[in-house]
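Here the protein sequences line up with chains A and V, keeping their order.
The first sequence runs 1 to 566 under the working numbering.
The second sequence runs 1001 to 1214 under the working numbering.
Incorrect hints may appear among the rest.
Far from chain A, by Cβ distances over 10 Å, these chain V residues were calculated [claimed, not checked]:
#1 L1038
#2 R1141
#3 L1193
#4 A1210
Just a few of them, taken from the derived set where beta-carbon distance is under 8 Å, the chain V residues facing chain A [to be verified]:
#5 G1015
#6 R1018
#7 L1019
#8 D1022
#9 H1059
#10 E1087
#11 S1088
#12 R1089
#13 E1108
#14 S1111
#15 R1137
#16 L1138
#17 V1139
#18 R1154
Please keep in mind that the hints were generated in silico from the structure rather than gathered at the bench.
Each residue gets a CB set at the ideal place from its N, CA and C atoms; glycine is no exception.
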Amino acid sequence: MPRATLLAAVGVVALGVSMFSLDIVRSDSGYTPASVSAQREVAFLLAGWALIAVGLVSWWRDPASRFGALVTLAGLAWFVAEWNNPANPSALAFTVGLCFYVAYPALAAHAASSYPSGRLVSRRLRVAVAAAYVGAIGVLGVAPAIFFDPGAAGCEGCPANLLLVSDQPGLVDGLERLGVVLGVAWAGALCGLMCVRAVRAPVVGSVVVPGAVVLGLTTLLFAFALERGFLAHGDLEHRLWPAQVAAALALALGVAWTWLRARRLRRTMGSLVAALARSPASGELRDALAATLDDANLVLGYRIEAGLAPVDVHGRAVDLTGLAQTALVADGREVAVLGHRSGPLDDPALVEQVTTTARLVLENERLQAEASLRIEELRRSRARVVEAADAARRKLERDLHDGAQQRLVSLSISLALVSSAHPEDAGLLRAQEELRAATADLRELAHGIYPSVLVDEGLAQALLALREESPIVLELGALPKGRFPPEIEATAYAVVSELVDMSRQRLSVVAERRDSALVIVAEPDADPLDLTSVEDRIAAASGSIAVVEHPGEDRRSLHVELPCEP
Amino acid sequence: MRAVIADDETLLREGLARLLTDAGVDIVGTAGTAAELLRRVELGRPDVAIVDIRMPPTHTDEGLVAAREIRESYPHVGVLVLSHHLESRYALRLLEEHPERSGYLLKERVSDVAVLVDALRRIDEGECVLDPTIAARLVRRSRERGPLDDLTDRERDVLSLMAEGHSNDGICRALFLSPKTVETHVRHIFMKLDIPQTSDYHRRVLAVLAYLRG
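Work out the full structure: start from the sequences and follow the hints.
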């Protein structure tokens, strides 16, 4: 039978069942809380119909899942619960009612806790649901029906019990008492298990939580019936009934809500696919994801090296503190990690869809991130080499000044003392001259190794000092007053110094602090211009250099930018 | 003439003291730190203090700071700062603030007792002294074609000596020229370089230095 026909048939049957139940409820004389008022009758119908409707739709949407059928059955059981009413005109229906009047909570629990696949995910749940069926349909339904004679029990107008084998009122009492005790156990257990599931998997909460409420109310009803020993329509049952209706409606609405969410998810994925189809430039995947998931502060990171912070596509470390983290896993391997506000990515289905949809771009960005990281490592190691070389030269300069030169000066004084005692000794005078020349040589040597003025007084003073000794005309324009990080000052000085060596007659230099960078504009008159060594130094400091031609003016300038935190 | 010596190298300090004593300078105290130097100046009331620019703790310009303090607290005490620095910045900083009774020599001059004593004497007489090597560097430094190129060789020699802080008399002695000739050279230099003339000797030195450095 085609699915549509089957579902339509089930729907027609369900409609019939509900109408039959409404008839019973209407002619009831105090055996059900659904009677008494028109409102209660409407609520009775609405709750059952809602469950059957969402059950059938779920069944239609996902025939592979048993969930839809279970919810439909729960809706039918909601109506059948009234069939053990003495007002039931049909003996067959009355017998069915006797067997299944407690089936609703068991089916509702089975359905809700097996959402969305219709299969129970844990052994404990399977045991609890089985216990519920045994307790509700076996111990409270079929078993007492075999030994229950309504007529003998004093129900004159009751239809015949078609299952009756032998009238055993004592046995029936015992079975019902046992069923109530068991009911407290299985209903309570199922309620607890469903609460646990709702906490562990919040995404199924819209279905599981109403299910837990249904079972919680059932537990209460069993607990109140403990003393009495059987389920009946009392004052308390009457007052709890609206809550049962509400819980059933909530369960139906919870299922409907999951359809809405699924639709939103499809739309989300649609926009992500559209964004990715434009083959985003590096870094835009994060923006696309941020827009898709409606989270402006979304962080997309790639863990390239274990133990290190994840990096973005440009190899820069990203900060995930204070953000919920979700790993995007493909083939059991983490491709990327998302830092996001809690909420939108709670749904494992969404995470999986995002990973699948963006897989190629993610892998691509991951490779880029890795390459960027390696380049950054290389740059850092180059900067370290340059720094180490600078430090070594600085140390050598200091050692020469404070060590060798001091000693030579001391020696020259000793020599002068000796010489003043022997003024006639020409050899001593010559030695003094030699020593003086050696000291001067050493001073020049130490001075050329590293300009101490750069360390002591900064770039501007160092450039002014460079001008004093430069063999070419070094024109200095505006110079920045404050200090910069040592490696930036060293780089800037080295660049100007190299350009001085390169220039033929003149070099003009202007330097200024612009935002968080040191900008140097230099105009050397060298031709051709070999910038290899200058470029290396600048690259080691993450800076940039550009040659700007001035057409028609026969000159060109170099624009050097060295980034530094202000 | 009375002098104190401040240098953190004991050997050098004591050697220098003996050398100057032999040359007839009365050494009234020696010091290894800036604080000790100030105490010696307070107690010994010397005419000149000889100060190494590098002193503890950082060995950068503690000596210069102490020299400045001496010039401010004891106006009659001159200072001669000894330095390894060839750049003119430390020298100019000292001379700009205290052009009288201040001097700046390269450390290696100390073994040439004649130069040293001459510098001390000039400082004691109220002149300022700049090391000839530094002055020559400034005069020689490369620059655009300009007024300096119009100077004659003799005028250049005079300009160098002016930069070293010599007075007209000193220039006369150094170049064996008559005072009248020196005055003419000086006038020509000021005209060619477009430096405002001033009768104040110290202002004149500073104007020359500023011109050369700028």
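For each hint, the structure was consulted:
1. L1038: About 23 Å separates V:L1038 from the closest Cβ of chain A, which puts it past 10 Å; holds.
2. R1141: violated, 5 Å
3. L1193: Label holds. Min Cβ-Cβ 18 Å, cutoff 10 Å.
4. A1210: holds, 13 Å
5. G1015: holds, 4 Å
6. R1018: holds, 6 Å
7. L1019: holds, 6 Å
8. D1022: Hint holds; V:D1022 Cβ to chain A Cβ min 5 Å, cut 8 Å.
9. H1059: holds, 7 Å
10. E1087: Interface hint status for V:E1087: holds (4 Å vs cutoff 8 Å).
11. S1088: Hint holds; V:S1088 Cβ to chain A Cβ min 6 Å, cut 8 Å.
12. R1089: Result: holds, 6 Å to nearest chain A Cβ.
13. E1108: holds, 4 Å
14. S1111: holds, 3 Å
15. R1137: At about 6 Å, which falls below the 8 Å cut-off, the nearest Cβ of chain A leaves the hint on V:R1137 intact, so it holds.
16. L1138: Since the shortest Cβ distance to chain A is 7 Å, the answer is holds.
17. V1139: violated, 11 Å
18. R1154: violated, 24 Å
Hint compliance for this structure: hints 2, 17, 18 are broken, all remaining hints hold.
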